[in-house]
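Engineer: Since chain A is already given, all that's left is putting chain B with the ligand on it; use the hints.
Spelled out, the chains give:
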Amino acid sequence: MNRIDATFARLKQQQTRGLIAYITAGDPSPDRTVELILALEAGGADLIELGVPFSDPIADGPVIQKAGERALRAGTTVAKILDMIRELRRSSEIALIVFSYLNPILRYGFERFAKDAAQAGADGALLTDLNVEEAGPYLEQMRKYSLHPVFLVSQTTPPDRLRVLSQSSAGFVYLVSRAGVTGERDRVSDQAVRLIEKARRVTDLPLAVGFGLSRPEHMRALAPYADGVVVGSAFMRVVEQNLQAPDLADKMRDLAAALKAGLKVSE
Amino acid sequence: MATTTAALPDALGHFGPYGGRYVPEILVAPLDQLEAAYRQAQADPAFQAELDDLSQRFAGRPTPLYHAKRLSRHLGGADIYLKREDLLHTGAHKINNCLGQGLLVSRMGKKRIIAETGAGQHGVATAAACALFGFECIVYMGEEDMRRQSPNVFRMRLMGAEVVGVDAGSRTLKDAISEAMRDWVANFETTHYLLGSALGPHPYPMMVRDFHAVIGREARQQFQELTGGLPDILLACVGGGSNSIGLFHRFLGDESVKMVGVEAGGRGQALGDHAARFSGGSPGVLHGTYSYLLQDDDGQIALTHSVSAGLDYATVGPEHSWLHDQGRAEYVSCSDEDAVEAVKLLSRMEGIIPALESAHAVAEAVRRAPAAKGQKFLVNLSGRGDKDIGIFRETLPDLG
Ligand SMILES: Cc1ncc(COP(=O)(O)O)c(C=O)c1O
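Residue numbers (our numbering), protein chains in the order written: chain A, 1 to 267; chain B, 1001 to 1400.
No wet-lab data here; the hints were simulated from the structure. Any given hint might turn out to be false.
With a Cα cut of at most 25 Å, we get these calculated DMTMM-like pairs of lysine to aspartate or glutamate [stated by the list, open to error]: (1) A:K115 with B:D1298; (2) A:K12 with A:D227; (3) B:K1376 with B:E1218; (4) A:K66 with B:E1350; (5) A:K144 with A:D204; (6) A:K144 with A:D116; (7) A:K264 with A:E197; (8) A:K66 with A:E184; (9) A:K115 with B:D1297; (10) A:K12 with A:D186; (11) A:K66 with B:E1218; (12) A:K144 with A:E133; (13) A:K144 with B:D1298; (14) A:K80 with B:D1298; (15) A:K251 with A:E240; (16) B:K1111 with B:D1183; (17) B:K1373 with B:E1330; (18) A:K144 with A:E134; (19) B:K1069 with B:D1298; (20) A:K66 with B:E1337; (21) B:K1258 with B:E1330; (22) A:K115 with B:E1350; (23) A:K66 with B:D1183; (24) A:K66 with B:E1144; (25) A:K80 with B:D1297; (26) A:K80 with B:D1296; (27) B:K1373 with B:E1350; (28) A:K66 with A:E93; (29) B:K1111 with B:E1189; (30) B:K1069 with B:E1341; (31) A:K66 with B:E1341; (32) A:K66 with B:D1167; (33) A:K115 with A:D31; (34) A:K198 with B:E1189; (35) B:K1258 with B:E1218; (36) A:K198 with B:D1032.
A partial selection of chain B residues facing chain A, derived with a Cβ cut-off under 7 Å [said to hold, decoys possible]: (37) A1029; (38) S1178; (39) M1181; (40) A1186.
Cβ atoms here follow ideal geometry from the backbone N, Cα and C, with glycine treated the same way.
If we strip away everything but chain A, and leave its shape as in the complex, we get (with noise of 0.2 Å):
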């Protein structure tokens, strides 16, 4: 069973909510990417989107753009970043995506990332910027490698579109719950639940909720409504602020703590 299914068949379970960790690949090195990964889980993340750094990030805010700037300078690259799941896996069977902007996945070529994500231990991608229509030969090298392709859904996505975007996915789908690029807010969006309740009409995938998110009191507002909660811009902000610290991980890792924490559902 893909590791995105049984975690989402596990959180069901516990009667809990899932705790979706972004962290850009590579920041603030190469060699740190899989030790942050570990005290994420042990904070108790459910599921790592593991970013790939682009030197035009369109969609993201200051936060994730400055970490992508440190990964680049760093030499990721996406050959680099399978090695670091290659490492993960030694030790960890958390469940994880690769997280991109296309460019970097087209040049590395679609059939050669598919059979190397899967190889490496992978459990599926979302690219940002490939839109469903353009998706055909990326989603058939998916599914040959048994990887799941996650799609992006918005406020703006109509009831059709939102169907077709679903039935393209696998493991869950993102729901994206506010305009704008990446970054921390201090309020939920009116928007969230709303697409959350549009999103459960359409489909059974797990939903997931991101952009934006970045404190235990955003966990529990969701927590009633989503099955996952994407957090990003707080984790690179961690980042950011201890490139330096010997202790880089173990903030990583209360702040998953305490993230988690928001993330119960009291039934």
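Structural biologist: Same frame as chain A, but now just chain B with the ligand:
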């Protein structure tokens, strides 16, 4: 082949394999809405009539076709004709597209406009259109471009636009587009993104081309009136590709007419030293479209260099990639140095100071003319050089 090429793009915005739409999901619906509004306007004679009227009375169309006789005689070969888009209001062809999109937006009911600019010509044209239509105007511009095209920054501000400097990457056009897209992702409900070239996600490459196609329609008719025939070669500079596709489009069915696009050869052939996408790049995705792209082995977008801010960009409009692969148009590049030489030559021979962008097309005409006796070249003079005075001062210190 020529007629099918003219009928592109397909329903999803493809020119052969190129073009399409590669954007954050949240922008799909706004792009659909834009496309629907555009198709409706296109089918409405009142829209075209209003645009024609503005193009004439506000922007100064039709622009002249001018036979550059002294330059032609000096080169001793081909006869060179200039399509004088430099005489348009705001100083470049860019106003054609800004009036078109501005009129469209006034129908769509949005009141806030964002745009990117490289050379500042698109920013100035956008600022003018926003003043004309009464829109709020925000222009993103790389800080390096703000420095080297400072007169245009001032002009935009004078017309009420807010110019936002972008301090990322090479602080040029690519980074300005990225920042404009980030704004749009957040504000699409109230905001129209007035993209300035024939690139980006569908429907922009088609729509921007259509608004500039007036260049080729006028030029073709003027050329026939003036010479009794068609030109042998069209030449235009290619940044994102709007002035060139605007000139080329009406001629695509004329099989005898060759087309040459001139990219920025910059200061050398190493990645990072030029913006010659066709000789130095390979297909990839940037800013919503699949097209020839300057990138490294890992799919990261390369930095670019050109003396001309308007050509200094890592990818190119997708229709050009298709014309390139089909062999319908040829793409060459011209160095910084040759472009500056062409500015000097045209200024002295004809009393016309071209923009550095347009000078790339002039330079290629100058290079080919001596060996082309009896041929007629039609060069798109996309803009005037007033904005470049600061750069000319740096590169031509002997003039004081
Ligand atoms: C005068 C002039 N010509 C050409 C260009 C290049 O753009 P495009 O290739 O879209 O015509 C610019 C862009 O700023 C310009 O200002």
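Engineer: Does each hint fit the structure? Answer for all of them.
Structural biologist: Going through the hints against the structure:
The suggested pairing of A:K115 with B:D1298 holds, with an alpha-carbon distance near 17 Å, which does not exceed 25 Å. Pair hint A:K12 plus A:D227 holds up; C-alpha atoms about 8 Å apart against a cutoff of 25 Å. Between B:K1376 and B:E1218 the alpha-carbon distance is near 17 Å, which keeps this suggested pair within the 25 Å criterion. Only pairs whose Cα atoms come within 25 Å are accepted, and A:K66 paired with B:E1350 is rejected, the gap being roughly 50 Å.
Proposed proximity of A:K144 and A:D204 is supported: the alpha carbons are some 23 Å apart, at most 25 Å. With a C-alpha separation of about 12 Å, the suggested pair A:K144 and A:D116 falls inside the 25 Å cut-off, and the hint holds. At most 25 Å may separate the alpha-carbon atoms for a hinted pair to count; A:K264 and A:E197 meet this at roughly 20 Å. For a cut-off of 25 Å, the pair hint linking A:K66 to A:E184 stands: about 14 Å separates their Cα positions.
For the hint pairing A:K115 with B:D1297, the CA-to-CA distance comes to about 19 Å; that is within 25 Å, so the pair holds. For the suggested pair A:K12 and A:D186, the alpha carbons sit about 28 Å apart, so the restraint of at most 25 Å is broken. Among the hinted pairs, A:K66 with B:E1218 is inconsistent with the structure: their alpha-carbon atoms are about 48 Å apart, more than 25 Å. Proposed proximity of A:K144 and A:E133 is supported: the alpha carbons are some 19 Å apart, at most 25 Å.
Taken as a hint, the A:K144 and B:D1298 pair is honoured in the structure, with Cα atoms around 24 Å apart against an allowance of 25 Å. Distance check on the hinted pair: A:K80 and B:D1298 sit about 11 Å apart at the alpha-carbon level, within 25 Å; holds. For a cut-off of 25 Å, the pair hint linking A:K251 to A:E240 stands: about 12 Å separates their Cα positions. With a CA separation close to 15 Å, the supplied pair B:K1111 and B:D1183 stays within the 25 Å bound.
This hinted pair checks out: B:K1373 and B:E1330 have alpha carbons roughly 20 Å apart, not beyond 25 Å. A threshold of 25 Å between alpha carbons decides the hint, and for A:K144 with A:E134 the separation of about 18 Å falls inside it, so the pair holds. With a CA separation close to 49 Å, the supplied pair B:K1069 and B:D1298 exceeds the 25 Å bound. Simply put, A:K66 and B:E1337 have alpha-carbon atoms about 36 Å apart, too far for the 25 Å limit, and the pair is violated.
Restraint check for B:K1258 and B:E1330: satisfied, since their Cα atoms lie roughly 8 Å apart, inside the 25 Å limit. Distance hint between A:K115 and B:E1350 is unfulfilled; the C-alpha atoms sit about 61 Å from each other, more than 25 Å. Between A:K66 and B:D1183, the direct Cα distance comes to roughly 18 Å. Compliance with the 25 Å bound is thereby established for this hinted pair. Restraint check: the Cα-Cα separation between A:K66 and B:E1144 comes to about 20 Å, which is no more than 25 Å; the hinted pair holds.
Taken as a hint, the A:K80 and B:D1297 pair is honoured in the structure, with Cα atoms around 13 Å apart against an allowance of 25 Å. Pair hint A:K80 plus B:D1296 holds up; C-alpha atoms about 16 Å apart against a cutoff of 25 Å. The hinted pair formed by B:K1373 and B:E1350 meets the criterion: a straight-line CA distance of about 20 Å does not exceed 25 Å. Taken as a hint, the A:K66 and A:E93 pair is broken in the structure, with Cα atoms around 29 Å apart against an allowance of 25 Å.
Straight-line distance between C-alpha atoms of B:K1111 and B:E1189 comes to about 10 Å, which keeps the hinted pair within the 25 Å bound. A C-alpha spacing of about 19 Å is found between B:K1069 and B:E1341, which places the hinted pair at or below 25 Å, so the restraint holds. For the hint pairing A:K66 with B:E1341, the CA-to-CA distance comes to about 40 Å; that exceeds 25 Å, so the pair is violated. With a CA separation close to 12 Å, the supplied pair A:K66 and B:D1167 stays within the 25 Å bound.
Between the alpha carbons of A:K115 and A:D31 the distance comes to roughly 23 Å, so the proposed pair stays at or under 25 Å and holds. Between A:K198 and B:E1189, the direct Cα distance comes to roughly 20 Å. Compliance with the 25 Å bound is thereby established for this hinted pair. Restraint check for B:K1258 and B:E1218: the C-alpha separation of about 18 Å stays at or below 25 Å, so the hint holds. Between A:K198 and B:D1032 the CA atoms are separated by roughly 20 Å; this keeps the pair inside 25 Å, and the hint holds.
Hint on B:A1029 holds. Least Cβ distance to chain A is approximately 4 Å, under the 7 Å limit. Satisfaction of the interface hint for B:S1178 is found here, the shortest Cβ-Cβ separation to chain A being roughly 5 Å, below the 7 Å cut-off. Because the smallest distance between the Cβ of B:M1181 and any Cβ of chain A comes to about 4 Å, under 7 Å, the interface hint for this residue holds. Because the closest C-beta pair between B:A1186 and chain A is about 4 Å apart, less than 7 Å, the hint holds.
Of the hints listed earlier, those the structure fails to meet are numbers 4, 10, 11, 19, 20, 22, 28, 31, in rising order.
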